[in-house]
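Quick note, the sequences are listed as chains C and B, same order.
Position one of the first sequence corresponds to residue 15 (our numbering), numbered consecutively onward.
Position one of the second sequence corresponds to residue 15 (our numbering), numbered consecutively onward.
Wrong hints could be hidden among the right ones.
[As the list claims (entries may be wrong)] Pairs of lysine to any residue residues, derived as SDA-like cross-links and limited to a Cα-Cα distance of at most 25 Å, are as follows:
hint : chain 1 : residue 1 : chain 2 : residue 2
1    : C       : K80       : B       : H178
2    : C       : K80       : B       : G174
3    : C       : K80       : B       : T297
4    : B       : K80       : C       : R159
5    : B       : K80       : C       : I172
6    : B       : K80       : C       : K180
7    : B       : K80       : C       : H178
8    : C       : K180      : C       : S247
9    : B       : K80       : C       : A176
10   : B       : K80       : C       : G174
11   : C       : K80       : B       : G295
12   : B       : K80       : C       : G161
13   : B       : K80       : C       : R138
14   : C       : K80       : B       : K80
None of these hints come from the bench; they were simulated from the model.
2 protein chains.
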Amino acid sequence: MLLARLADMTDVELRHLAALAAVAEEGSFGRAATRLGYTQSTVSQQIAALERAVGGLVFDRPGGPKPVRLTPLGSVVLGHGRELLARAEALAHAVDRFQAGEGRIEIGTFQSVSNAILPPLVRRLRDEHPGCDIRLSEDEPDQPRIGDLDLLFYDGRIDGDAEHLKLLDDPYLLVAGVGTFPDGPVSPARLDGVPLVAWPLTCDQPRMEQAIARSGARPQIVFRSAVNDTLLSMVRAGMGSAILPWLAIRGADVASDDRLRIHELRPAVPPREIYLHWQAGRTQSPLTTRAIEIATEVATALAPPPPTA
Amino acid sequence: MLLARLADMTDVELRHLAALAAVAEEGSFGRAATRLGYTQSTVSQQIAALERAVGGLVFDRPGGPKPVRLTPLGSVVLGHGRELLARAEALAHAVDRFQAGEGRIEIGTFQSVSNAILPPLVRRLRDEHPGCDIRLSEDEPDQPRIGDLDLLFYDGRIDGDAEHLKLLDDPYLLVAGVGTFPDGPVSPARLDGVPLVAWPLTCDQPRMEQAIARSGARPQIVFRSAVNDTLLSMVRAGMGSAILPWLAIRGADVASDDRLRIHELRPAVPPREIYLHWQAGRTQSPLTTRAIEIATEVATALAPPPPTA
DNA sequence: ATGGCTCAATCGTGAAAAGCGATGATTTTC
DNA sequence: GAAAATCATCGCTTTTCACGATTGAGCCAT
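Turn these sequences into a full structure, and let the hints guide you.
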């Protein structure tokens, strides 16, 4: 022990520091060993290894029943060692919490999902994992990107390295003022020249309007707004009709509004498809895995889109 | 990796965390291995061991030349891991500093030593170890105790579990007003009835006065004070003479004072012995070891007590 | 498509270390 | 002195560590 080399942290191991702390507290190698579940000789060797690593004795061993005592060097090592052990324990707890489903999850979403799917999803996730940190973002650039998101809801497929899961088909329905059309299904072809209020040309909207156009009709878009209630008010006011996905009108009290009628489109316009995306090839946190499960459950539990029978 | 046990901190080793950090920074097992001085396969196994310990993958390995990426679990582990590594490095530095002689040293002392030995000792110690923390205490209860002191100066031996080292013999000298005694040595026996000013009966003082008494003389103690300058002023004022150790009058300009004369005592009173004590059987810090060396050097370098030839 | 490239995982091997049990050496206590 | 308590040490087995060579999976350019 006379030759003191430079201390190297990689020679110090947490187990040695734990032994140091136990011996210092118990005042005895043997009692420390019992506490740690080792034999006395093992603890003796652990301390010896530690002393080799730090280049000096950490305990004075008086011999006999006298308790061992920290040397000045031992005090220095123990001081820092306790902090190391505390950090290590913090790490272990953090890992346990993570595996139990705590942590952060970042979800990208858009209007219809925000209204219909996310509330129950968030509620169930928070109920199951009270400590979790759920972050939502509704940024909707033209090209939605997963970026640093864990999950992304979008009504279509994302380009880029993403896996996807189709949550549900969301059929388009025609909402019109009462009497505008006879009750029952309406053919898209009949919409030629009909005044419509509609969403802006984002997300699935362009595809839907192209589908209408392919049926030969050219509706007249008289107003665009992203706000559903505004659109419905316009319909009520007789400004025009609206073609909206089922999910968007589900919450609003459209069905019970005497001034409005909901018509199936037949032949049906291909429905809007709601997808859940996540980055391909990346392991997910337990929280994300669970969120995907819950999202599928919530999606199927949403009253199934009305039959087109 | 499907079975996730509870994380145990003793399974996580610093070396694994270092590998984790290196791989995360390099984006590659191989480059991390080069940086750490291991082979690729070793790093691979270290990461595998870490993943076993935390119960899940910490990296996604996309395969091919794509860089590996941290999983959410890996981020959690790395976050805490970096702190652990920083603490470990702090420990290593603290140990190095300690071995280089930094740290704290607590020294107990008393008047003569404080004046004569400690100043050069402190100066040299601070010059050699600029970072050291020297604490002095001059508490002098009747029974000086080492307690938590690293070193204790005392003019006598300490009872208790202490090792000691005699620094020097400090002979007693008679300081008298000029003309009080004929020049040259004075016999203690001639002090019978002589008025003396003296130190309080602490430290070596009782033993010295008993030695005088054993020579048959009974001086008359007319004043006691622990302050040397006060005693010397009293001598100058003709109130009496003083028997003081050489160390106590070395600094004061007694020899050059026309009104004072210094007489050897012959036959000599046994000198006061200055000891340096430290707790027996306890490993000392390098700083303490060095302080002992310097103290002996300073003690011998002090102009040797005058010969009694 | 198809080799060539890059990379991590894996296997086998030898060396090192961890841990255990038993034995010694040393000190304190009765 | 004898006894008790305590840590160090030795021999031993099992596990781990690190290496080198190989394998296999995913890219990329041809």
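Now the hints, each set against the structure:
1. Restraint check for C/K80 and B/H178: satisfied, since their Cα atoms lie roughly 22 Å apart, inside the 25 Å limit.
2. About 16 Å separates the Cα atoms of C/K80 and B/G174, which keeps this hinted pair within 25 Å; it holds.
3. A distance of roughly 16 Å separates the Cα atoms of C/K80 and B/T297; the hinted pair therefore holds under the 25 Å criterion.
4. With a C-alpha separation of about 20 Å, the suggested pair B/K80 and C/R159 falls inside the 25 Å cut-off, and the hint holds.
5. For a cut-off of 25 Å, the pair hint linking B/K80 to C/I172 stands: about 22 Å separates their Cα positions.
6. Between B/K80 and C/K180 the CA atoms are separated by roughly 29 Å; this puts the pair beyond 25 Å, and the hint is violated.
7. Using a Cα cut-off of 25 Å, the hinted pair B/K80 and C/H178 holds, with the two alpha carbons roughly 22 Å apart.
8. The suggested pairing of C/K180 with C/S247 is violated, with an alpha-carbon distance near 31 Å, which exceeds 25 Å.
9. A C-alpha spacing of about 16 Å is found between B/K80 and C/A176, which places the hinted pair at or below 25 Å, so the restraint holds.
10. With a C-alpha separation of about 16 Å, the suggested pair B/K80 and C/G174 falls inside the 25 Å cut-off, and the hint holds.
11. Proposed proximity of C/K80 and B/G295 is supported: the alpha carbons are some 12 Å apart, at most 25 Å.
12. In summary, the hint linking B/K80 to C/G161 is supported, as the alpha carbons are separated by about 17 Å, within the 25 Å threshold.
13. At roughly 37 Å between alpha-carbon atoms, B/K80 and C/R138 are farther apart than 25 Å, so this suggested pair is violated.
14. Between C/K80 and B/K80 the alpha-carbon distance is near 60 Å, which puts this suggested pair outside the 25 Å criterion.
Hint violations for this structure: numbers 6, 8, 13 and 14, all remaining hints satisfied.
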